[in-house]
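Trainee: Hints in hand, dock the two standalone chains.
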Amino acid sequence: MRAILIAALAGALLVAGCGSKADQAAAPATDGAWTIDKESSRLGFVGAQTGKEFTGEFAGYEATIVFDPDDLPSARIEAVVDVGSARTGERQRDAALPTADWFSAKAFPNATFSSSEIVRTGEGAYEARGKLTIRDTTRDLVLPFTLAIEGDRATADGALSLARTDFGVGQGEFSTGQWVGIEVKVSIHLEATR
Amino acid sequence: MTASARDRYTSVAIALHWLIALLVIVQLAGGFFMDSLQEPQAALKFQLFQLHKSFGVTIFFLTLFRLGWRLTHKIPPLPAAMPKWEKMAARVSHAGFYVLLVAMPLIGWAVVSSSPFAQSVQTFLFGVIHWPHLPFFDGVADRKALSDEIAEIHEIVAFVMIGLIALHVAAALKHQFIDKDTVLAHMLPFARRRG
Chain A
510 MRAILIAALA GALLVAGCGS KADQAAAPAT DGAWTIDKES SRLGFVGAQT
560 GKEFTGEFAG YEATIVFDPD DLPSARIEAV VDVGSARTGE RQRDAALPTA
610 DWFSAKAFPN ATFSSSEIVR TGEGAYEARG KLTIRDTTRD LVLPFTLAIE
660 GDRATADGAL SLARTDFGVG QGEFSTGQWV GIEVKVSIHL EATR
Chain B
0 MTASARDRYT SVAIALHWLI ALLVIVQLAG GFFMDSLQEP QAALKFQLFQ
50 LHKSFGVTIF FLTLFRLGWR LTHKIPPLPA AMPKWEKMAA RVSHAGFYVL
100 LVAMPLIGWA VVSSSPFAQS VQTFLFGVIH WPHLPFFDGV ADRKALSDEI
150 AEIHEIVAFV MIGLIALHVA AALKHQFIDK DTVLAHMLPF ARRRG
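So the protein sequences, as listed, match chains A and B. Quick note, the first sequence lines up with residues 510 to 703 if you use my numbering. Quick note, the second sequence lines up with residues 0 to 194 if you use my numbering.
Bound-form chain B, shown alone (with noise of 0.2 Å):
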């Protein structure tokens, strides 16, 4: 039981790592999709944008959750004979992933909430759940145009996630088959441990 705690993520930790993983890709196809989507397709576009919403709420409590549970769980250790800047960059581009998973959602809900379709398109997560806009956008004169400025920001930092996956599922293939190490089976749904 310690022995091989000590050599995974908890399961809890290794089911959240895989769901968010899934919901992130969803977001990201699903919003570029929907951003593509023109006049005619009006309706499955603002369908979809109900939906963005309501997954984007969802990795938002997902990941606080996942931070509580990060900060009272142990964690493996890195392989001993990981470089040490190696070591480093692998601790910070995870942290990295926590930023950005907390600030996407604010992100996009503060759009959202700054949007001049803000007051007749009120969110109901999943249909069901109201989630109210940020009270800070009352005041603005042109709303449309800093709507606009927050998306363009919400699509950046999206560009900045792709990078950071990207980055990511490079190095757990390097340990996996380069390094041959047990880095990738920490985060593996089923125990596989190299002998």
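Just chain A, same shape as in the assembly (with noise of 0.2 Å):
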């Protein structure tokens, strides 16, 4: 069993950042950029296998983000989650998620989200639409964050619930939730620096 994962991917995305007017050409490092803060940042997941909830996390990722508040048009997450680098804690789990019943990771090593638009929904509170793909499925996704930032530091927070079966994540056997549980709850911690 395994579960599910899914998630992540959506991850990486986050954070933000702020940044000013964001140069579209010259990605990375223009000053709407952040780098991600990888020892204070988690891609986690939540799945549930055989009624029991277990938790795991994605190592591999990367993502580009342009963010400023005052400047939402330009901004935009590009998040690649490497699904081969999900753990969960369990070996058995840990071994199967790569399978072909699951994120077949040799076919389609990376999941992928991509901002089409970040919008704000409060104080302190957004959302990035956009697209996420895992395996060979492309869907529309809207990821609520917030996110606060102090200085040079900005700190995002997101989740979001999805069904690994959207994607194609469980085959066969696995693609009721008998065994493992459909809904898999991601959450996102960043913790940016520009």
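I should point out that these hints are in silico values taken from the structure, not numbers from a laboratory. A few of these clues could be false.
Claimed, not checked - Heads up, simulated DMTMM-like pairs for lysine to aspartate or glutamate below, C-alpha to C-alpha not over 20 Å straight-line:
#1 B:143 x B:38
#2 A:694 x A:579
#3 A:694 x A:580
#4 A:640 x A:587
#5 A:561 x A:692
#6 B:44 x A:599
#7 B:44 x A:682
#8 A:547 x A:700
#9 A:561 x B:38
#10 B:86 x B:178
#11 B:143 x A:682
#12 B:44 x B:151
#13 B:44 x B:154
#14 A:547 x A:571
#15 B:44 x A:562
#16 A:615 x B:137
#17 A:547 x A:666
#18 A:561 x A:682
What the hints assert, rightly or not - Some chain A residues close to chain B (C-beta under 7 Å, calculated; not the full set):
#19 603
#20 610
#21 614
For glycine and all other residues, C-beta sits at the position ideal for the given N, C-alpha and C.
Mentor: The following block contains the structure:
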């Protein structure tokens, strides 16, 4: 069983920052760009196997984040998650996740999220709307997150629920929730500097 | 030393006998119990299957070691008073145990390896040591049907094992209380010879 996964992906997303006029051409090193502090960030997920919840996380992810609260039209998030890096604290689960029934990591090593727009929904609250691709399936995704910027450091937290089967994660015997829950909760905690 | 060695199995043989006996009983009881669990106990059922596999592989290796030991160490002779057919029955039933103790884990391994869950449920003995699947089932079209059939055989062999254990225990008790000979003492952990 396994679990689930999905997740994360999305994850990576997050964060943000501010920046100023995002220079669209020169992606990474502009002043609107943020660099993720991997030590303090976490791309996690919660799934359920035979009814019992378990937590996991992806160690491998990269994201390009351009974000200035005062210039949302220029904000964007591009995240790539190494699906083979999922760890759930149990060898048996971790061995299953990369197989063809689940992430099929050999055929589809990365899950990606690409924002099309980022909108403000409240005080320090935003939504990143875009497309999430896991395996060979791409779907629209809305990632709500909160963001606090202090000086040159930003902290973002986001969470959402995915149905793993929307992306074909869990084939055959695992395409129902009998052994492994369909819902996977993804949580993202990012800290970034600019 | 020589006298007592001749009167009993070696300490290693005795330890292996009782350890394997204990594990086999745990496997039989646990196997039927886990098989009876329904969906609400899916988590327990899953965990018990993992343990069952771990103990099964343990028995397999203990049995191989025991066979090696058996072939390289003398065993105490059966009482001279035993009729020839009884001696023959004893040897055949003992050999039967060895066959079952080797076959059961192998059949169980085939059940696991042919299962539709095989890819997603890799075996980790006691949660730690990765144990591969048998390679023969990759191209099987209807894995569930095949795996269920092998599981059926696994269960039938379990009943054969239970029958053989019953016979073995009955024979040991007969030697002890009816024949009043030293056969049971050969295998008891604490030297207790009749005078």
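Trainee: Is the hinted pair residue 44 of chain B and residue 562 of chain A satisfied, with a Cα-Cα distance of at most 20 Å?
Mentor: holds (16 Å)
Trainee: Taken at face value, is the distance from the CA of residue 137 of chain B to the CA of residue 615 of chain A at most 20 Å?
Mentor: holds (18 Å)
Trainee: Starting from residue 44 of chain B, check that the Cα of residue 154 of chain B is at most 20 Å away, please.
Mentor: holds (17 Å)
Trainee: Please work out if residue 44 of chain B and residue 682 of chain A have their alpha carbons no farther apart than 20 Å.
Mentor: Holds: residue 44 of chain B and residue 682 of chain A sit about 17 Å apart, inside 20 Å.
Trainee: Return the status of the interface hint for residue 610 of chain A: holds when the least beta-carbon distance to chain B is below 7 Å, violated otherwise.
Mentor: holds (5 Å)
Trainee: Compare the distance between the alpha carbons of residue 694 of chain A and residue 580 of chain A with 20 Å, and conclude whether the hinted pair is satisfied.
Mentor: Between residue 694 of chain A and residue 580 of chain A the Cα gap is close to 30 Å, so the pair fails against 20 Å, i.e. violated.
Trainee: Hinted pair, alpha-carbon criterion (20 Å max): residue 143 of chain B, residue 682 of chain A. Please report holds or violated.
Mentor: The given pair, whose Cα atoms are some 10 Å apart, holds under the 20 Å limit.
Trainee: Under the criterion that the straight-line Cα-Cα distance not exceed 20 Å, is the pair residue 561 of chain A, residue 692 of chain A satisfied?
Mentor: Satisfied, since the Cα-Cα distance of roughly 12 Å is no more than 20 Å.
Trainee: Is it true that the CA of residue 44 of chain B sits at most 20 Å from the CA of residue 151 of chain B?
Mentor: holds (18 Å)
Trainee: Check whether the Cα positions of residue 561 of chain A and residue 38 of chain B lie no farther apart than 20 Å.
Mentor: holds (13 Å)
Trainee: For the pair supplied as a hint, residue 561 of chain A and residue 682 of chain A, confirm whether the alpha-carbon distance does not exceed 20 Å.
Mentor: Answer holds: residue 561 of chain A to residue 682 of chain A is near 18 Å, not above 20 Å.
Trainee: Should the interface hint for residue 603 of chain A be scored as holding, given a Cβ-Cβ cut-off of 7 Å against chain B?
Mentor: violated (9 Å)
The structure fails to meet hints 2, 3, 19 and 21 from the earlier list, while all remaining hints are met.
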